[in-house]
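Chemist: Got chain H sorted already, so can you dock chain Y onto it with the hints?
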Amino acid sequence: MIERFILDKNDLSYWLRQIRKNASLIAPVKSLVGDVVFESLEQIHEISLDHPLPPPSVKEFLFPQIETMFEYNGDEIKEIIDEEMRVVVGLRSCDASAIKIIDRFFAGETGSDYDMVHPNRKYKDPYYFSRRQNTVFISMGCNVPGAVCFCYNLGAGPFLDSGFDIQLIDLEDRYLVEADSEKGKGLVRRYDYLFRKVETGDLEDRFEALLSSISKFEKRIDLRETGQKIKNSMPDSFWQWVAERCFECGGCVYVCSLCTCFNIVDYNFSNQSGKRCRIWDTCLFKGFTEMAGRVIPQEKKEQRLKRWWFHKILYYPEQFKTFGCVGCGRCTITCPGHIDIATLSEKIMGWR
Amino acid sequence: MVAMHIIDALQRGAILIVADPRKTMLAGLAHIHLQHRCGTDVVLLNSIMNVIINEGLVNIDFVKMRTERFDEFEKVIREYTPQMAEAITGVPEEEIRRAARIYASENRTMLFYGMGITQHTTGVDNVHACANLVMLTAHVGHTATGLNPLRGHNNVQGACDMGALPDFLTGYQPVSDPDIRQRFERVWAVRLNPVPGLTLTEMISASLTKRIRAMYIMGENPVLSDPHTDHTIRSLKALDFLVVQDIFMTETTQLADVVLPGVSFAEKDGTFTNTERRVQKIRRAAIEPVGEALPDWQIISELSTRMGYSMNYRGTYEIMEEIALLTPIYRGIRHHRLEHNFGIQWPCPDTSHPGTAYLHRKRFSKGMGTFIPTPYIPPAEVPDSEFPFVLTTGRNYFQFHIGTMSRKTITLEREDPECFVEVNPEDARSLGIRNREKIRVITRRGSIDVIAKVTDRIIPGTIYIPFHFHEAPANRLTNPALDEIARIPEFKVCAARIERL
Numbered sequence: 003m004i005e006r007f008i009l010d011k012n013d014l015s016y017w018l019r020q021i022r023k024n025a026s027l028i029a030p031v032k033s034l035v036g037d038v039v040f041e042s043l044e045q046i047h048e049i050s051l052d053h054p055l056p057p058p059s060v061k062e063f064l065f066p067q068i069e070t071m072f073e074y075n076g077d078e079i080k081e082i083i084d085e086e087m088r089v090v091v092g093l094r095s096c097d098a099s100a101i102k103i104i105d106r107f108f109a110g111e112t113g114s115d116y117d118m119v120h121p122n123r124k125y126k127d128p129y130y131f132s133r134r135q136n137t138v139f140i141s142m143g144c145n146v147p148g149a150v151c152f153c154y155n156l157g158a159g160p161f162l163d164s165g166f167d168i169q170l171i172d173l174e175d176r177y178l179v180e181a182d183s184e185k186g187k188g189l190v191r192r193y194d195y196l197f198r199k200v201e202t203g204d205l206e207d208r209f210e211a212l213l214s215s216i217s218k219f220e221k222r223i224d225l226r227e228t229g230q231k232i233k234n235s236m237p238d239s240f241w242q243w244v245a246e247r248c249f250e251c252g253g254c255v256y257v258c259s260l261c262t263c264f265n266i267v268d269y270n271f272s273n274q275s276g277k278r279c280r281i282w283d284t285c286l287f288k289g290f291t292e293m294a295g296r297v298i299p300q301e302k303k304e305q306r307l308k309r310w311w312f313h314k315i316l317y318y319p320e321q322f323k324t325f326g327c328v329g330c331g332r333c334t335i336t337c338p339g340h341i342d343i344a345t346l347s348e349k350i351m352g353w354r
Numbered sequence: 101m102v103a104m105h106i107i108d109a110l111q112r113g114a115i116l117i118v119a120d121p122r123k124t125m126l127a128g129l130a131h132i133h134l135q136h137r138c139g140t141d142v143v144l145l146n147s148i149m150n151v152i153i154n155e156g157l158v159n160i161d162f163v164k165m166r167t168e169r170f171d172e173f174e175k176v177i178r179e180y181t182p183q184m185a186e187a188i189t190g191v192p193e194e195e196i197r198r199a200a201r202i203y204a205s206e207n208r209t210m211l212f213y214g215m216g217i218t219q220h221t222t223g224v225d226n227v228h229a230c231a232n233l234v235m236l237t238a239h240v241g242h243t244a245t246g247l248n249p250l251r252g253h254n255n256v257q258g259a260c261d262m263g264a265l266p267d268f269l270t271g272y273q274p275v276s277d278p279d280i281r282q283r284f285e286r287v288w289a290v291r292l293n294p295v296p297g298l299t300l301t302e303m304i305s306a307s308l309t310k311r312i313r314a315m316y317i318m319g320e321n322p323v324l325s326d327p328h329t330d331h332t333i334r335s336l337k338a339l340d341f342l343v344v345q346d347i348f349m350t351e352t353t354q355l356a357d358v359v360l361p362g363v364s365f366a367e368k369d370g371t372f373t374n375t376e377r378r379v380q381k382i383r384r385a386a387i388e389p390v391g392e393a394l395p396d397w398q399i400i401s402e403l404s405t406r407m408g409y410s411m412n413y414r415g416t417y418e419i420m421e422e423i424a425l426l427t428p429i430y431r432g433i434r435h436h437r438l439e440h441n442f443g444i445q446w447p448c449p450d451t452s453h454p455g456t457a458y459l460h461r462k463r464f465s466k467g468m469g470t471f472i473p474t475p476y477i478p479p480a481e482v483p484d485s486e487f488p489f490v491l492t493t494g495r496n497y498f499q500f501h502i503g504t505m506s507r508k509t510i511t512l513e514r515e516d517p518e519c520f521v522e523v524n525p526e527d528a529r530s531l532g533i534r535n536r537e538k539i540r541v542i543t544r545r546g547s548i549d550v551i552a553k554v555t556d557r558i559i560p561g562t563i564y565i566p567f568h569f570h571e572a573p574a575n576r577l578t579n580p581a582l583d584e585i586a587r588i589p590e591f592k593v594c595a596a597r598i599e600r601l
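Chains H and Y supply the protein sequences, listed in that same order. Per the numbering used here, the first sequence starts with residue 3, numbered consecutively. Per the numbering used here, the second sequence starts with residue 101, numbered consecutively.
These are computed hints drawn from the structure, not numbers from a lab. Be aware that one or more of the hints could be misleading.
Simulated crosslink set (BS3-like; lysine-lysine; CA at most 25 Å straight-line) [what the hints assert, rightly or not]: (1) H/Lys-308 <-> Y/Lys-123; (2) H/Lys-11 <-> H/Lys-23; (3) Y/Lys-123 <-> H/Lys-288; (4) H/Lys-308 <-> H/Lys-233.
The structure presented is a predicted model; accordingly, all values stated were derived computationally and were not measured.
One chain only, chain H, in its complex shape (with noise of 0.2 Å):
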């Protein structure tokens, strides 16, 4: 059952400071050039709530782009289990859903058929789990989507409606706050004294803003008939076209809030000691799947290319019943190729 409360913005900062007391705080920080980060919050003023999302997403607090499993120094093996407080603010309705589904690809329980079929495969990862546990996630409705969000054709944003550990919705002199899970309540209940109850008037602006954020999106991507389409009617020639635009940076899946490929690297120090090291890694690279010999089984880019987006608009759906894209736009703005879900999908749409 969630809980609403009305936070006044002239606390905001008030609150933010308080829970740095015990947790580090990571908000998106505007730097000296004008790009957005999450990073750790020194000044809450610095707080940089109302710019468009910041390109790299917050994955990296769950699941960083390397870390440390553990250690080892002859037959002595430390395990490093993250178990940092931290609470994240200012993410948005897209990154908190793309936390969602992670959440279930990490404990290894898609919520489909495949957790019948394969009943052993519920594994949870325990570095993943360590953090999931000490974070807390306070996201942002958007009431301004930018030019390169397509979340609401998704059902990931502009509000969420359960899912969240808190979510603020701007009512321009106050905000909205909505808390889904219990760490989410606890935080708000700890403070109570900023908080004031909701009343009528408040959930009906909270419904003007939804119908007035709803009605801004620039983009409207359908990815049921993109996936219908890619499945029966798309040709070699196609994905031929788009393979020649792809750059293999690997820059969309380094973003993507949903992408969770990893490879497991040892660094040795000595013949006795060194440590092992998950890094993120991506299936569009050719030796993502590299065996013996250098045998590689699907080594030309077009079938990467495709496999990733099958993978994505198809695979996805039937794994865990939801798309492995929220419409973050995060690949709009990274890919050079300019082939990124939204703009290929249109292609796809106009394409015979």
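Modeler: Positioned in the frame of chain H, the structure of chain Y alone reads:
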């Protein structure tokens, strides 16, 4: 990411013409791909200008007002008909005509070139030919025009600006000019040598004759990056004393008497200057120097102080002040002016000047632009019966330069672990070479064994090897023949033979 902006422009309807012996990614997207033979750049450019002149596409006003010696130049160009160019370059006549018409008749055209133009014995001619083309069509001096060299590293421009050249002090002020020398001598309180020094390639050879006896190499691995590896190693070994400063141990540090640990970009502060002359501040050192490493300026100051000339800078901003004092083009650039913007483009004559976006707007720096005729001179080494292939070298998508940094990354190492030689399917068939077979590539200087990659990215008769890999150093094969003026070696063309093992 210049290519990214080029693709953006394509997306908005720009026309792209690529001239490259290899079918690169960008060439795949181009409207016209002129796949000429290596080392025939001058012929291709001359024949394009021939078409422009013959078809009346010259910007006559610009040529009259801003340039000189057009008539001499025209005489030479008249000889380079597209038919003749087709025979030499292998590019169909009609393609040359189409490219020339598009280039000349568009209102705004940008010309970019990379190392493929400069790394030849005729490198200077190639650049002259590009400049002639730009002047002929007046595509210079305003937005989205001009001649844009793409440098191989992020701060090549900055290094040249700072006088890391044998014949110039900072800001391209010649060492031979007594007035300029005097100014530096007064500020630095030392006597300066008026004789220009040696270029990199000359220095390497000079150690064999004991003309050079000690060398200090910073952040470079000439054993892999200079042509004719065996010669380079022999020369470096002949030195009495070699100091190398780098962030990782390399093939060159193995020959050094002293290795000084430098820092990577993440541990530095200061400025980088990019190809559009934009001086950009590195925000702040992201991490502390690792281990005993020190920023380069601290190492140099310390060395200088111990060698008897005291250098006491409190920070990089003090060095920038000294640069501004002595360098007219950097006169108005200070660190604090670079904090809140994307940098300033020199020339910047005073501290309130916003920088200069386009050079040559009203006049060229020397006054009138001179047309310099560029007759075709073949590469120093052309294929013959013994070495029938043209070997060209270059970079791969995944690696950077000689891999001192990028070969240390686990994902890149997995993606791109080994050297290869690109061979056209036609040549592969006639020699009986299969894809991924190990073959031997031999030139007059040496041989390496590499995996064959049979691909139509490369034209028949030409083979291509990336130079990132120390296991199969492509520069063991390349020709150390130099351009007479710029002293740049001919990395891009030499004659080679391939053998099955």
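Chemist: If a hint holds in the structure, say so; if it does not, say that too.
Modeler: Going down the list of hints, with the structure as the test:
1. H/Lys-308 <-> Y/Lys-123: Within the cut-off at roughly 23 Å; holds.
2. H/Lys-11 <-> H/Lys-23: holds, 20 Å
3. Y/Lys-123 <-> H/Lys-288: holds, 20 Å
4. H/Lys-308 <-> H/Lys-233: holds, 10 Å
The structure shown violates none of the earlier numbered hints.
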